[in-house]
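Protein chains: 2
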Amino acid sequence: MIQKLIARIQETGAPIAVGLDPQMKFIPQALLEDAKREHHDNLLGEDELETAAEAVWRFNREIIDAVHDLVPAVKPQIAMYEQLGIPGIAAFWKTVRYCHEKQLIVIGDVKRGDIGSTSAAYAQAHLGRVNLDGMDLSIFGEDFCTVNPYLGSDGVKPFVDVCNAQDKGIFVLVKTSNPSSGEFQDVKTADGRPLYELVGEKVNEWGRDSMDGSYSNVGAVVGATYPEQGAALRKQMPHAYILVPGYGAQGGRGKDLVHFFNEDGLGAIVNSSRGIIAAYTQDAYRHFGPDRFAEAARAAVIDMKEDIAGALRGR
Amino acid sequence: MIQKLIARIQETGAPIAVGLDPQMKFIPQALLEDAKREHHDNLLGEDELETAAEAVWRFNREIIDAVHDLVPAVKPQIAMYEQLGIPGIAAFWKTVRYCHEKQLIVIGDVKRGDIGSTSAAYAQAHLGRVNLDGMDLSIFGEDFCTVNPYLGSDGVKPFVDVCNAQDKGIFVLVKTSNPSSGEFQDVKTADGRPLYELVGEKVNEWGRDSMDGSYSNVGAVVGATYPEQGAALRKQMPHAYILVPGYGAQGGRGKDLVHFFNEDGLGAIVNSSRGIIAAYTQDAYRHFGPDRFAEAARAAVIDMKEDIAGALRGR
Chain A
1 MIQKLIARIQ
11 ETGAPIAVGL
21 DPQMKFIPQA
31 LLEDAKREHH
41 DNLLGEDELE
51 TAAEAVWRFN
61 REIIDAVHDL
71 VPAVKPQIAM
81 YEQLGIPGIA
91 AFWKTVRYCH
101 EKQLIVIGDV
111 KRGDIGSTSA
121 AYAQAHLGRV
131 NLDGMDLSIF
141 GEDFCTVNPY
151 LGSDGVKPFV
161 DVCNAQDKGI
171 FVLVKTSNPS
181 SGEFQDVKTA
191 DGRPLYELVG
201 EKVNEWGRDS
211 MDGSYSNVGA
221 VVGATYPEQG
231 AALRKQMPHA
241 YILVPGYGAQ
251 GGRGKDLVHF
261 FNEDGLGAIV
271 NSSRGIIAAY
281 TQDAYRHFGP
291 DRFAEAARAA
301 VIDMKEDIAG
311 ALRGR
Chain B
1 MIQKLIARIQ
11 ETGAPIAVGL
21 DPQMKFIPQA
31 LLEDAKREHH
41 DNLLGEDELE
51 TAAEAVWRFN
61 REIIDAVHDL
71 VPAVKPQIAM
81 YEQLGIPGIA
91 AFWKTVRYCH
101 EKQLIVIGDV
111 KRGDIGSTSA
121 AYAQAHLGRV
131 NLDGMDLSIF
141 GEDFCTVNPY
151 LGSDGVKPFV
161 DVCNAQDKGI
171 FVLVKTSNPS
181 SGEFQDVKTA
191 DGRPLYELVG
201 EKVNEWGRDS
211 MDGSYSNVGA
221 VVGATYPEQG
231 AALRKQMPHA
241 YILVPGYGAQ
251 GGRGKDLVHF
261 FNEDGLGAIV
271 NSSRGIIAAY
281 TQDAYRHFGP
291 DRFAEAARAA
301 VIDMKEDIAG
311 ALRGR
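These protein sequence lines map, in sequence, to chains A and B.
FYI, the numbering for the first sequence is 1 to 315, going by the working numbering.
FYI, the numbering for the second sequence is 1 to 315, going by the working numbering.
If you're looking for bench data, these hints aren't it; they were derived computationally from the structure.
All clues given are correct.
Derived coverage of chain B by chain A (criterion: at least 3 residues anywhere in the stretch with Cβ under 8 Å from a Cβ of chain A; other residues may be distant):
#, stretch
1, 13 to 24
2, 140 to 151
3, 170 to 179
Idealized CB from N, CA, C, for every residue including glycine.
Produce the entire structure from the sequences given, and follow the hints as far as they go.
Set out below in structure tokens:
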């Protein structure tokens, strides 16, 4: 799977994932009103949840239509769908399917991780297939998902097994982009190394039997907001693709990102969520207005692509 | 919320949560056939997923009917539902609602945890309420949920905020029950303490402003399979209720559990999943047969209650 992602990155020239994290506050009022009016006949459950989920789906579809030719991948954050209950989860599922129709690779940002049999269930839900009554079914059908390593190898390996069986991939949380990520991840261990380096070492180990070309289907998450750690982890995990959140709204910039890439210009894919899907709310793109939020997203992707390419040229 | 749990533990005399983790292999064939035959008219989507989810729901309902007067709480593991897609998530939702009708407290074993705004979305999904179009809606509506601490305080605090606002509770993963939990959780830090102790220290800090009587609404998960660490963590976190997985099928026994309790006989709630819901597959309860799986579950709860009570009496 990582080779499919690399091929799409090379075709588009954009090592970028668009984060489809549609918080309700990003959705223009007019779109919400349309969803409310036009969707009203099909309601199954609670009106407000159904309407909100329909609006999220329509919002995503417009963003996807506007950017699908520019980027290789999207990263929907499932929490934003889960908070809308069953209609929200249905919008997540529809979004994954629609992205696949548009040839986009889908990184499910689910951050699952549990004890063995439970991680196996999550891995089947998001990456694998479930065998029921003789039928072999895909459930949510993402191509990659993110995995939390706190439970250790037996919480991660069921995901790796599914990656190997179904040609899928994972990104394991190593050093996250948030302000307090250091509380545990940076803790100095008795041998002087921070914890995230131990996790990085395990990422290498977990990915050893999942090589796909010169990269492994087992990658890592390292936040753009920690460029020094990114540089160290890049060296430590030469075969791990790094998913880099934290660009844009969280503070990361192109120049912070160069050390996340290998000399071959590969090795990292940078995510931006709010910075793209809510671009129309930012000074630089406000002139598009809420009705043209998807065009604003397209403009933000083009600028982000140039920011990263410029930084890589200049290194 | 923790006082509600304590009151129900005292009423039932059972510091026990029944783990509603219905793997398909635990569901008796006859129940599956019934679900297939009787549910066929109502199918919305893929037959097999709908049928499997219906079977899970019926299985749960029979277990709940059989044990609801004996125990204070249930702990559904959402992965087992997520692997059945949208129909599975709907079965999770129906299960939570039915448990509430039966006065059971619901601990959603979701192990969520992310950066701040995303954790806030998860917290709203599982514990809180979402405001949409002027309506204040409960989504999945659990009473407690489990939280993964790897991202640090800003990943956990949004859950604590919801606990404080809505009188809910969380159990933070400190030392999990699985064989490889030590890989990161036991890592010796530079000051000689294992990482789980640092997490325990943070649990105290996060729970300080969430006191409800002599316990906090911020509790911890510590596996029955690590009794020594359990004893140390019990002392370290005097106000944290401990959710103890790993009893029964994972190897924990009553005598291993006594140190998870405080002198007041409170402070811990022990979960058993397979050991109860799949009791009919075990030697001790096989005589019930698959048709009487719910009676077998009831017998297993009664035995577990006695095992724990005996161990607590004998300490």
